[in-house]
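J.: For reference, the chains in residue letters:
Number of protein chains: 2
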Amino acid sequence: MRLKRVVLERLMRYHRFLSQTTASKPIQTITSAQIAEALDIDPTQVRKDFGAIGLVGIGRVGYQVEDVCCAVRTVMGFDKENPAVLIGVGQLGGALLTYPGFEKYGLSITAVFDSDPAKTGRSKAGHTIRSIRSLKPYIRKHDIMLAILCTPVEVSQTIADRLVSVGIKAIWNFTPTDLAVPPDVLVRDEHISLGLSEIAYHLKQ
Amino acid sequence: MRLKRVVLERLMRYHRFLSQTTASKPIQTITSAQIAEALDIDPTQVRKDFGAIGLVGIGRVGYQVEDVCCAVRTVMGFDKENPAVLIGVGQLGGALLTYPGFEKYGLSITAVFDSDPAKTGRSKAGHTIRSIRSLKPYIRKHDIMLAILCTPVEVSQTIADRLVSVGIKAIWNFTPTDLAVPPDVLVRDEHISLGLSEIAYHLKQ
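The listed protein sequences derive, respectively, from chains B and U. Each residue of the first sequence is one higher than the last, beginning at 45 in the working numbering. Each residue of the second sequence is one higher than the last, beginning at 45 in the working numbering.
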């Protein structure tokens, strides 16, 4: 059974909450009620989500924290390494390159590309910036399935088409545009405007 | 009637699609079927969403593009100015400061803060970085309702508490932590890990 996006997001919240809690104070077990209260989610929902990934709690004891974290990581595929390319080394691309938490999720950026000749050959956060012209051969040679897109809007669809043509299976899209891709390719949008719309709407009320 | 987050997100997609389409080729009207096909959404859903914000299409003509864009902007509150403070001028905070698109959504960053004495007094993207000690007085004095949080995880809850205590009504949270806030305060999370979980899960299949 394929888990829906909302379920994945809740599983991530459980995982993050348990990691944070145990970092400050080691605990062995936790109940669905405790998780539910901390995250403002219904306890039945927590038990259902855990059940969906094969976790069963014991009476008043609840769940083994380590089992939960381990199950989430396995289900998500964080223990599998996902090499990725990053395209567009502007402010945001540069910020992503220095983000320290990717390894935890199995993500490693193995090469970065930019179309600006003034940038290629330079070093950024330990990566030598490559010319966009070497993007396709690189992806083919290293069998890369994931691309992180941080280009200007005007070129994002063109680059996405190139990525798809060489077999990319997921695009993490940081550009504010809707990409058209075949159905087997996942686009995860990180449109900043979506967040802003929710905020502006809330503040208007 | 309060619109749900999923509806807001779809309205934003319509708005972005129409802005992009009309930028490359001016059109006056568009049908729900055309929008639905471009965005891979059911046409009935499009008509329902438009109906929810008071838009009614005409037969085979469809909707006036300008009316749609205008209605979305009004409903979202983008025509209302939202001054904001940004806290934590690291890589990500710095990238957000240079993001060119905020004005379109009524957002203007009026002051930036950091706890690092080495940073305060320096200039970043046209802003003089202020000491975190002046955060509360600034928010009170200027009646700020929105804060953009880009601090290290360890201090994010402490800063959030401070923000809430001086009347902040929305926190745009770029730190990978779940913030505890009163029910009337909106937290919009931009957890990078949520995106990563969806991607890793997809690549695992």
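Hints were generated in silico from the structure; no laboratory data involved. Don't take every hint at face value.
Which copy? The list can't say, so a pair holds if one copy fits it or any two copies do.
Using 20 Å as the maximum straight-line C-alpha spacing, the simulated DMTMM-like pairs for lysine to aspartate or glutamate come out as follows [claimed, not checked]:
(1) 48 to 110
(2) 69 to 110
(3) 248 to 123
(4) 163 to 53
(5) 180 to 242
(6) 163 to 187
(7) 48 to 160
(8) 180 to 111
(9) 92 to 198
(10) 168 to 86
(11) 69 to 198
(12) 92 to 81
(13) 213 to 84
(14) 124 to 81
(15) 213 to 242
(16) 168 to 228
(17) 148 to 242
(18) 48 to 187
(19) 248 to 233
(20) 48 to 233
(21) 248 to 125
(22) 148 to 198
(23) 48 to 86
(24) 248 to 187
(25) 148 to 123
Quantities reported herein were computed from a predicted structural model and do not represent experimental measurements.
J.: Under a CA distance limit of 20 Å, which applies to residue 163 and residue 187: within one copy, between copies, both, or neither?
T.: Neither, since 25 Å and 42 Å both go past 20 Å.
J.: At most 20 Å between alpha carbons: which applies to residue 69 and residue 198, within, between, both or neither?
T.: between (48 Å within a copy, 14 Å between copies)
J.: Since the copies are identical, ignore which copy is meant and state whether residue 148 and residue 242 lie within 20 Å (CA to CA) inside a copy, between copies, both or neither.
T.: between (29 Å within a copy, 14 Å between copies)
J.: Given identical chains, is residue 248 near residue 125, meaning Cα to Cα at most 20 Å, within a copy, between copies, both, or neither?
T.: between (43 Å within a copy, 10 Å between copies)
J.: Given identical chains, is residue 248 near residue 233, meaning Cα to Cα at most 20 Å, within a copy, between copies, both, or neither?
T.: Classified as between: cross-chain Cα gap 19 Å, same-chain 25 Å, threshold 20 Å.
J.: Check residue 48 against residue 187 for me: Cα-Cα at most 20 Å, and say if that holds within a copy, between copies, both or neither.
T.: Neither: 27 Å inside a chain and 40 Å across chains, both beyond 20 Å.
J.: Up to 20 Å between alpha-carbons, please classify residue 248 paired with residue 123: within, between, both or neither.
T.: Answer is between: at 10 Å across copies they meet the 20 Å cutoff, but 43 Å inside does not.
J.: At most 20 Å between C-alpha atoms: does residue 69 with residue 110 qualify within a copy, between copies, both, or neither?
T.: within (14 Å within a copy, 55 Å between copies)
J.: Go through the copies and call it for residue 48 and residue 233: within, between, both or neither, with a Cα cutoff of 20 Å.
T.: both (16 Å within a copy, 19 Å between copies)
J.: For residue 48 vs residue 86, is the C-alpha pair at or below 20 Å within one copy, between two copies, both, or neither?
T.: both (18 Å within a copy, 19 Å between copies)
J.: Reference check for the pair residue 180 and residue 111, CA-CA at most 20 Å: within, between, both, or neither?
T.: Answer is neither; intra-copy 41 Å and inter-copy 42 Å both fail.
J.: Cα distance capped at 20 Å. Does residue 180 pair with residue 242 within a copy, between copies, both, or neither?
T.: neither (37 Å within a copy, 24 Å between copies)
When held up to the earlier numbered hints, the structure conflicts with 1, 4, 5, 6, 7, 8, 9, 10, 14, 16 and 18 and fits the remainder.
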